[in-house]
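Trainee: Here's the letter readout for the chains.
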Amino acid sequence: MFVNWALQEVNLKIVYYGPGLSGKTTNLEFIYQKIDPSLRGDLITLKTREERTLYFDFLQLEVGRIKGMKPKFNLYTIPGQVYYSHSRKIILRGVDGIVFVADSQADRMTENLDSLMDLEHNLIENGYTLENFPWVLQFNKRDLPRVLPVHELNAKLNFHGVPIVEAVASRGVGVLETLKTAIHGVVGNVQKVI
Amino acid sequence: MLQLAEKPPQPQQFMLSTETFNQVNEILRELVTSTRSDFALFCDANGNPITHHGKQHTVNLSGLSALAAGNFAATSEMARVIGEKEGFKFIFQEGERRNLYLCNVGFNFLLTIIFDKAVALGLVRIFANKAVESLKGVLDKAAQAEKKASDFIDSEFGLLLGKELDKSFSL
Chain R
318 MFVNWALQEV NLKIVYYGPG LSGKTTNLEF IYQKIDPSLR GDLITLKTRE ERTLYFDFLQ
378 LEVGRIKGMK PKFNLYTIPG QVYYSHSRKI ILRGVDGIVF VADSQADRMT ENLDSLMDLE
438 HNLIENGYTL ENFPWVLQFN KRDLPRVLPV HELNAKLNFH GVPIVEAVAS RGVGVLETLK
498 TAIHGVVGNV QKVI
Chain H
69 MLQLAEKPPQ PQQFMLSTET FNQVNEILRE LVTSTRSDFA LFCDANGNPI THHGKQHTVN
129 LSGLSALAAG NFAATSEMAR VIGEKEGFKF IFQEGERRNL YLCNVGFNFL LTIIFDKAVA
189 LGLVRIFANK AVESLKGVLD KAAQAEKKAS DFIDSEFGLL LGKELDKSFS L
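As given, the protein sequences belong to chains R and H, one line each in that order. Going by the numbering used here, the first sequence opens with residue 318, and the numbers climb by one from there. Going by the numbering used here, the second sequence opens with residue 69, and the numbers climb by one from there.
Honestly, I wouldn't trust all of these hints.
As the list claims (entries may be wrong) - Here are some of the chain R residues that sit facing chain H, going by a computed Cβ distance under 10 Å:
{"#": "1", "residue": "F319"}
{"#": "2", "residue": "D353"}
{"#": "3", "residue": "D359"}
{"#": "4", "residue": "I361"}
{"#": "5", "residue": "K364"}
{"#": "6", "residue": "E367"}
{"#": "7", "residue": "Y372"}
{"#": "8", "residue": "F375"}
{"#": "9", "residue": "M386"}
{"#": "10", "residue": "N391"}
{"#": "11", "residue": "Y393"}
{"#": "12", "residue": "G411"}
{"#": "13", "residue": "K473"}
{"#": "14", "residue": "G478"}
{"#": "15", "residue": "V479"}
{"#": "16", "residue": "H501"}
As the list claims (entries may be wrong) - Restricting the straight-line Cα-Cα distance to at most 16 Å, the calculated cross-link-like pairs of lysine to aspartate or glutamate (EDC-like) are:
{"#": "17", "chain 1": "H", "residue 1": "K198", "chain 2": "H", "residue 2": "E94"}
{"#": "18", "chain 1": "H", "residue 1": "K235", "chain 2": "R", "residue 2": "D431"}
{"#": "19", "chain 1": "R", "residue 1": "K497", "chain 2": "H", "residue 2": "E98"}
{"#": "20", "chain 1": "H", "residue 1": "K204", "chain 2": "H", "residue 2": "E87"}
{"#": "21", "chain 1": "H", "residue 1": "K235", "chain 2": "R", "residue 2": "E442"}
{"#": "22", "chain 1": "R", "residue 1": "K387", "chain 2": "H", "residue 2": "E162"}
{"#": "23", "chain 1": "H", "residue 1": "K209", "chain 2": "H", "residue 2": "E98"}
{"#": "24", "chain 1": "R", "residue 1": "K351", "chain 2": "R", "residue 2": "E379"}
{"#": "25", "chain 1": "R", "residue 1": "K473", "chain 2": "R", "residue 2": "E428"}
{"#": "26", "chain 1": "H", "residue 1": "K123", "chain 2": "H", "residue 2": "D184"}
{"#": "27", "chain 1": "R", "residue 1": "K406", "chain 2": "H", "residue 2": "E87"}
{"#": "28", "chain 1": "H", "residue 1": "K204", "chain 2": "H", "residue 2": "E94"}
{"#": "29", "chain 1": "R", "residue 1": "K387", "chain 2": "H", "residue 2": "D222"}
{"#": "30", "chain 1": "H", "residue 1": "K185", "chain 2": "H", "residue 2": "D106"}
{"#": "31", "chain 1": "R", "residue 1": "K473", "chain 2": "R", "residue 2": "D431"}
{"#": "32", "chain 1": "H", "residue 1": "K185", "chain 2": "H", "residue 2": "E162"}
{"#": "33", "chain 1": "R", "residue 1": "K384", "chain 2": "R", "residue 2": "D431"}
{"#": "34", "chain 1": "R", "residue 1": "K351", "chain 2": "R", "residue 2": "E442"}
{"#": "35", "chain 1": "H", "residue 1": "K235", "chain 2": "H", "residue 2": "D222"}
{"#": "36", "chain 1": "H", "residue 1": "K123", "chain 2": "H", "residue 2": "E145"}
{"#": "37", "chain 1": "R", "residue 1": "K364", "chain 2": "R", "residue 2": "E379"}
{"#": "38", "chain 1": "H", "residue 1": "K157", "chain 2": "H", "residue 2": "E201"}
{"#": "39", "chain 1": "R", "residue 1": "K384", "chain 2": "H", "residue 2": "D222"}
{"#": "40", "chain 1": "R", "residue 1": "K406", "chain 2": "R", "residue 2": "E437"}
For the record, the hints were derived by calculation from the structure and aren't laboratory data. We treat Cβ as the ideally placed atom computed from N, Cα and C, and that holds for glycine.
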């Protein structure tokens, strides 16, 4: 969190984490399309030639003043592919909240778990654990065949009982609900940690 | 100089007082005037823009700050990979019409200067170094912010924020 008293701004950083091709960038693209253009910046994407996220995607949102302060949300995605481990560590610096975008398909469970362990490992380096940090689980791609039932995904991924949201990010289903849940988690955590 | 990747995590909450903000602005003003640069941008190492001075026109400063922080962190890692323990002193990018100079201010802040091709890099370096020292002095001495985040981020803030978010998304 960065508070600029002169400009009365509160900057909060939310990172979309998860395995490659789970739909992190798709979440940001939908938010970009849906939000009033006067309340958002450009969507910045650093992609490879194959349209995979190379470094990060970035989108800034702001809402109207609240109690005199202007909240700004800096949304980042991480590159999900295993070999971009260092980029993920860098992007997690200064993070205030996390959305973990899990792929609901049965054959993607190993990738989900690997990514979740990678997240925990990187959070520990920042002095946090998944247990004491505000994060949200999004079960994405609910429209595809061979997806695991929610209770099974929950049993396998949600060790800490964090909020879950079912989503079809490609159609925008659950995307804004996920973001709002994450933001509420961040706001709730601010009071706990100070 | 560029040791961000080697250092422990930055503080998770940073408050910048109005007094410090004004002092930073004055240093940027001096820097831009002395170098005849287009503009100078001061942001934190997490990519949050803080303030700028000069003719930035339509440049997206939040995007530029995020990219500066990402670029800076990646370059620090490149330094480490090739065994340059102290890191690189600055990053310079030369364009057709405008150049970009990027350096760190301590471990938590970055200074980006955009200047015309006609301005000598050496001049920018000299004044950038001077500005970095001044900024470090100001930030080191920065008094604790007069308020805490918990003074305004409470349950009412959370409730109002939820309403604002509903308004912002054209569902």
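Trainee: Against each hint, give a clear statement of whether it holds in the structure.
Mentor: Cross-check of the supplied hints:
| no. | hint | result |
| --- | --- | --- |
| 1 | F319 | holds, 4 Å |
| 2 | D353 | holds, 6 Å |
| 3 | D359 | holds, 5 Å |
| 4 | I361 | holds, 5 Å |
| 5 | K364 | violated, 14 Å |
| 6 | E367 | violated, 20 Å |
| 7 | Y372 | holds, 6 Å |
| 8 | F375 | holds, 4 Å |
| 9 | M386 | holds, 6 Å |
| 10 | N391 | holds, 7 Å |
| 11 | Y393 | holds, 8 Å |
| 12 | G411 | holds, 3 Å |
| 13 | K473 | violated, 29 Å |
| 14 | G478 | violated, 20 Å |
| 15 | V479 | violated, 17 Å |
| 16 | H501 | holds, 6 Å |
| 17 | K198/H / E94/H | holds, 13 Å |
| 18 | K235/H / D431/R | violated, 37 Å |
| 19 | K497/R / E98/H | violated, 42 Å |
| 20 | K204/H / E87/H | holds, 15 Å |
| 21 | K235/H / E442/R | violated, 37 Å |
| 22 | K387/R / E162/H | violated, 35 Å |
| 23 | K209/H / E98/H | violated, 20 Å |
| 24 | K351/R / E379/R | holds, 13 Å |
| 25 | K473/R / E428/R | holds, 12 Å |
| 26 | K123/H / D184/H | holds, 12 Å |
| 27 | K406/R / E87/H | violated, 33 Å |
| 28 | K204/H / E94/H | holds, 14 Å |
| 29 | K387/R / D222/H | holds, 15 Å |
| 30 | K185/H / D106/H | holds, 11 Å |
| 31 | K473/R / D431/R | holds, 12 Å |
| 32 | K185/H / E162/H | holds, 8 Å |
| 33 | K384/R / D431/R | violated, 41 Å |
| 34 | K351/R / E442/R | violated, 35 Å |
| 35 | K235/H / D222/H | violated, 20 Å |
| 36 | K123/H / E145/H | violated, 32 Å |
| 37 | K364/R / E379/R | violated, 25 Å |
| 38 | K157/H / E201/H | holds, 14 Å |
| 39 | K384/R / D222/H | holds, 10 Å |
| 40 | K406/R / E437/R | holds, 11 Å |
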